[in-house]
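4 protein chains.
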Amino acid sequence: MSRIAGRNHLYVPGPTNTPERILRAMVVPQEDHRSPKFPELALSVLTDLKKVFKTTEGTIFTFPASGTGMWEAALTNTLSPGDKILCSRFGQFSHLWADMAQRMGFEVQVLDCEWGTGVPYDQYEEILRADKEHKIKAVLACQNETATGVTSDIGRVRKAINNANHPALLMVDTVSSLVSIDFRMDEWGVDCAVSGSQKGFMLPAGMGILGVSPKALKAMETATSRRCYFDLGDMLKNNATGYFPYTPSIPMLYGMRESLNTIFEEGLENIFARHNYLASGVRAAVQEGWKLNLCAKAPEWYSDTVSAILVPEGFDATKVISNAYAKYNLSLGAGLSKVAGKVFRIGHLGDLNALSLMSAIAGAEMSMLDNGINVTPGSGVAAASTYWRTHAPQAK
Amino acid sequence: MSRIAGRNHLYVPGPTNTPERILRAMVVPQEDHRSPKFPELALSVLTDLKKVFKTTEGTIFTFPASGTGMWEAALTNTLSPGDKILCSRFGQFSHLWADMAQRMGFEVQVLDCEWGTGVPYDQYEEILRADKEHKIKAVLACQNETATGVTSDIGRVRKAINNANHPALLMVDTVSSLVSIDFRMDEWGVDCAVSGSQKGFMLPAGMGILGVSPKALKAMETATSRRCYFDLGDMLKNNATGYFPYTPSIPMLYGMRESLNTIFEEGLENIFARHNYLASGVRAAVQEGWKLNLCAKAPEWYSDTVSAILVPEGFDATKVISNAYAKYNLSLGAGLSKVAGKVFRIGHLGDLNALSLMSAIAGAEMSMLDNGINVTPGSGVAAASTYWRTHAPQAK
Amino acid sequence: MSRIAGRNHLYVPGPTNTPERILRAMVVPQEDHRSPKFPELALSVLTDLKKVFKTTEGTIFTFPASGTGMWEAALTNTLSPGDKILCSRFGQFSHLWADMAQRMGFEVQVLDCEWGTGVPYDQYEEILRADKEHKIKAVLACQNETATGVTSDIGRVRKAINNANHPALLMVDTVSSLVSIDFRMDEWGVDCAVSGSQKGFMLPAGMGILGVSPKALKAMETATSRRCYFDLGDMLKNNATGYFPYTPSIPMLYGMRESLNTIFEEGLENIFARHNYLASGVRAAVQEGWKLNLCAKAPEWYSDTVSAILVPEGFDATKVISNAYAKYNLSLGAGLSKVAGKVFRIGHLGDLNALSLMSAIAGAEMSMLDNGINVTPGSGVAAASTYWRTHAPQAK
Amino acid sequence: MSRIAGRNHLYVPGPTNTPERILRAMVVPQEDHRSPKFPELALSVLTDLKKVFKTTEGTIFTFPASGTGMWEAALTNTLSPGDKILCSRFGQFSHLWADMAQRMGFEVQVLDCEWGTGVPYDQYEEILRADKEHKIKAVLACQNETATGVTSDIGRVRKAINNANHPALLMVDTVSSLVSIDFRMDEWGVDCAVSGSQKGFMLPAGMGILGVSPKALKAMETATSRRCYFDLGDMLKNNATGYFPYTPSIPMLYGMRESLNTIFEEGLENIFARHNYLASGVRAAVQEGWKLNLCAKAPEWYSDTVSAILVPEGFDATKVISNAYAKYNLSLGAGLSKVAGKVFRIGHLGDLNALSLMSAIAGAEMSMLDNGINVTPGSGVAAASTYWRTHAPQAK
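Residue numbers (the numbering used here), protein chains in the order written: chain A, 381 to 776; chain B, 381 to 776; chain C, 381 to 776; chain D, 381 to 776.
FYI, nobody ran anything at the bench for these hints, they're computed from the structure. Don't take every hint at face value.
Note that identical chains are pooled: a pair holds if it fits in a single copy or bridges any two copies.
Unchecked claim - Okay, derived cross-link-like pairs now, DSS-like style, lysine-lysine, Cα gap no bigger than 27 angstroms in a straight line:
id, residue 1, residue 2
1, Lys707, Lys417
2, Lys707, Lys776
3, Lys512, Lys722
In isolation and in its complexed conformation, chain A is listed as follows (with noise of 0.2 angstroms):
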């Protein structure tokens, strides 16, 4: 395929743009990684991730795979055939879990919620307190639905198991909210936190990263399900001297070494704030500048780390990305499933600032005008102009 000239604007919500520094750490000559030195470099990395996952009681593993290794990593070894999962469903991502977890010989009982809201607290609530023999062995919570832009409040979720005075898991997918969206392990007593390197750790997709509590390391003693790549058991072990039980990628471990370092830089808070900062110019372009309408249906659900825009009735969103990329180099998220054709999706995590979303919203409203859709040349770009311009990152 011939060269398009310039550079391929990247707003798919995963994988995100890789910084050159990080790209730059992982250009390293393979090692052997039984060396001495070796533990130096694995040991810095599993310790410091568990500042990102806000947790000092947990333990993180890193797996050669990607998150979805992590989900069945999280079910396989806390939870034995048969178990029963309460889970729900309003996305593409919330699915595919659900999915997984039948697949795997568990019983799920999926609440189906509409696309474009999220986890329902107060129904996981209801069933949990009506579970009286306590059949239900984990719940599960996808943070940030990426098909629909739709963040969940996992606070909430701790609070309706508490409530019910539950002893089930809890587990969530953070693939694409972590390091993005606030996340606290400990404090919202999270058992299993899965996620991957390729979205809010600016990295190629390749590490799976799973945050585990003490109380779901106890549950593995007992968790009959079959595992042995995903076995957190053998890990534990190797990892206890700084070593893996089988090769790990030498770049990645090193491309998260200064993806930790470029994060503790800017600082966890710093980089929630500056999402929320971008999050909202994007929702002003959306909003206010082209008058149209994110899939997300209230403020709560909100994500800012992605938003999936609907374009108005009669048009066809899927003709809007594939002009963007053939016209003007721009990746859009595409719409999954339920919303195919009815969303493009721009994903506004990892390492952007204003500027770089310039492109994608300046461009997207280009596409939408090239497909006839109604929008005022230069809206978006002005609406999101002006809140950038007038607000500031705030920091919690």
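We have chain A already, so just place chains B, C and D on it with the hints.
Below, chains B, C and D alone, put in the same frame as chain A:
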């Protein structure tokens, strides 16, 4: 840790040295793995990998995982809980695969062989002949046992199965042999060929590669082992159009593309010949120069990718290795499990030439001398040099 | 200095953005520049550079130097102390070349023109006609004055010389025009064409490039200016077999090889068309959107590689630039010398597309608004977007 | 040209092997060299380079140029046409500098010395004593003659000048010695110290580095040699605030920053000790192992950065080199000019350790044997190995 001047000399049998051009090919910005352009890359990799496995009938799968994950994928996609497996154990890696099979719930018959020998072809045939009811569903074989430097003849394993007229699937671990030692998936009727990126492919670890025969794909339809992350069905469906069910590592795909380019430029048969030529020189250093023994018991078992060298009685191979690392920045492979302390290993696979190995030979010799082992200074290099100067790589 | 999240948006008119593939091509180990293999690279670069200069008769030289060094090489290799030179000054770079000529001991006639205009073709002709004794040995012309965003027509300079029937050498500064704006060394009878790596070639600075006509090479034989590092004779002798008189930069050579590959893939004429297309959009933003003026006085002078934009009376362009850098991580070009504080510059050359420039336009607008300059929010992007959506690049 | 498997073994005395971390540091996007942030980098490099030259009084300049350019800069910035220069010639590089001085219009007194010896200290003193009128304005000395592997004692050159009580400037070529062999700009009263990036700094070629004493800066005020690109005045003015008069190479600046980090981490004195230690092992291989002679006539001249090795009468060193390259992918330095065909050179400077050099020693030996030169197989490695095993680097 302070800098040691000069490069690390990496001669563990994996990860192997990544050539500059492959390292370079991996320095890529992230990109949308759902873009219209993406399949071009993905399909070219999946298709060209077939040539490396010497298969036209088989299907190649790649996963964000290490080779260990592919062991699991091979087993769980084709077998059902309780299925009987025949395998042999003569080193740490053949041991680990057998161990995994047990943990994943299969009934495993393990033939323990002397470390330094390989697959017991005749015993396999005998057992398979005796299995009139065809309870054995899979036969496992490790083409190259990395721990002892032993290569088995997979063609003879196939012959044993055929002689017994047995329908079991043949599963082969090619992790430390593929692209270095001849492997013929179709000709030898291999049903699952397990491999990884960090040996003959000269890439970092992180891409698991699995070759699957039509027969194994058919077995998948009835195999009831729980699987999701490693499910070949999901992969097959997505791969059909050049996509993956979850986010792949963009750098690893570009790296594999460049690895394949490199391989085809040199030519598979030339690569095998080069590995044999280089290994022969290393063996000359060990046997003719140093007057030491290989762990491999007889020439028929000699591996062209790694040599495990027995230190004389009364000496500790571990000290040879740690001293080589600390004093000469040389990474040698350690003895594992049964041969811990008894052998050190020189990996001679991947992107190497004769002079590269001279560093390993000279360094191992220096470290042996430092440890009081009585070898003649310069003898290893002299023997290797004589071999290499008077022979040329012979492609078959 | 602490990290600013997201990329720097680089729109100075050089160094320009280096495409990833060129950056990647430069990650090379050092190599022996006297090896038998080296000439393959060197000769391919020197030969292919001719296509970029549109010369078959000329010779291309490369030096480890910036473009400034090539100004000196052009002068000292072809002229003798006291030789008379005709040139014009209408911006910082035409000024610096004239200044160098004086410092190097030549007798320089400088025609001062209004900044915002270019080479005074008729005045050149007049002066050359008057120079009956042909005391003027060289005529200098700056094809693209980077400081003011003014492009002169080198074909008309040639015509002026021809009309005067004058034998003077024609020396052209193409630093910020080559590979972006059409240049025809042979057709226009250019004797010395001065260029550098960090603009249209999209490389880092550090390689000076000089195109030399047979006539200029002949002049070299009698030119008595002192020179050694920049001596074309030494270079010519070594280049003949593919070598250099002193150690060249290996990464820059590989980078230039990849730059040329990139250029030929897109096609020189397509590149010129793209630059015109992109520049037209930027000018639409300035003139139709913001209602501001360019420094360039008339369309005939408009540069397709850089636009110098006049801020309204009473405002300080320097503050627009420093605020853009500090607040939006946007690098704009400053006004130099006579236009300092009066203009800011947007470089629109090299590896760019429309959406890249949207960041520059949106950012410049935001910074003007922050400084109290009364432009309509979104107006620049709207005008550029309309231009780009309704036009296509036109290769001539 | 088809790929040769494995790395090239680079042992020419420059460019030297660039460590991965420096290579990595150079993979940077371009940036505005006029930005407010830029001086941070530029000033840190210019300041820290002083430590490497061991000067507090001097000023360091860097140019986009090779070391050859710095020869010219030293001469033209401090001398006037016709000024008298005293120098000595005992190899290709001392020859070239003398030749340049003549071509640039100075009156050069060249003392021809036997190749294999170095600066004739006593003769220098004698001539300077005799120059009662102080017509000699500059004394040139090549600290390390790369062509013959000869190091001269610059302290003794200073003593010769002082003994003669002569005011001439002392100019020293440190291209292949700086950062590898002790150099003391202030203590030895060196007025111009010429260097380049591609030897001890372990960078690609392309950055010329020049140390200038206050006395030489004063001489600049009256020196009338024509200069512009290499004018120190322009540079001084711009450097004062952390900028450059023309576009510098961004990657080279970041590379130099990382080179300096590397140097300070290991420690200058430790680096000198390591170079002496490594050189001693190579000399043991040559003299004790192979029973061959160095081009350097006596131990006082032995260079710690490069050894020129004389092949026995009747053999052609050129063939040893070309065969080593073609057959073993080993790059050795060729004999130049008077010693062409008589010597091959092993560069042992930069980022090297003992095992790196084992490849060079083993490869040179193999190539000599291939060419019929009667050396004992393994003898070079044995001698070097014994030296290295029984000695340790000694920082003075």
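We went through each hint and held it up to the structure:
no., hint, result
1, Lys707 with Lys417, "between (49 angstroms within a copy, 13 angstroms between copies)"
2, Lys707 with Lys776, "between (40 angstroms within a copy, 21 angstroms between copies)"
3, Lys512 with Lys722, "neither (42 angstroms within a copy, 59 angstroms between copies)"
Checked against the numbered hints given earlier, this structure breaks only hint 3.
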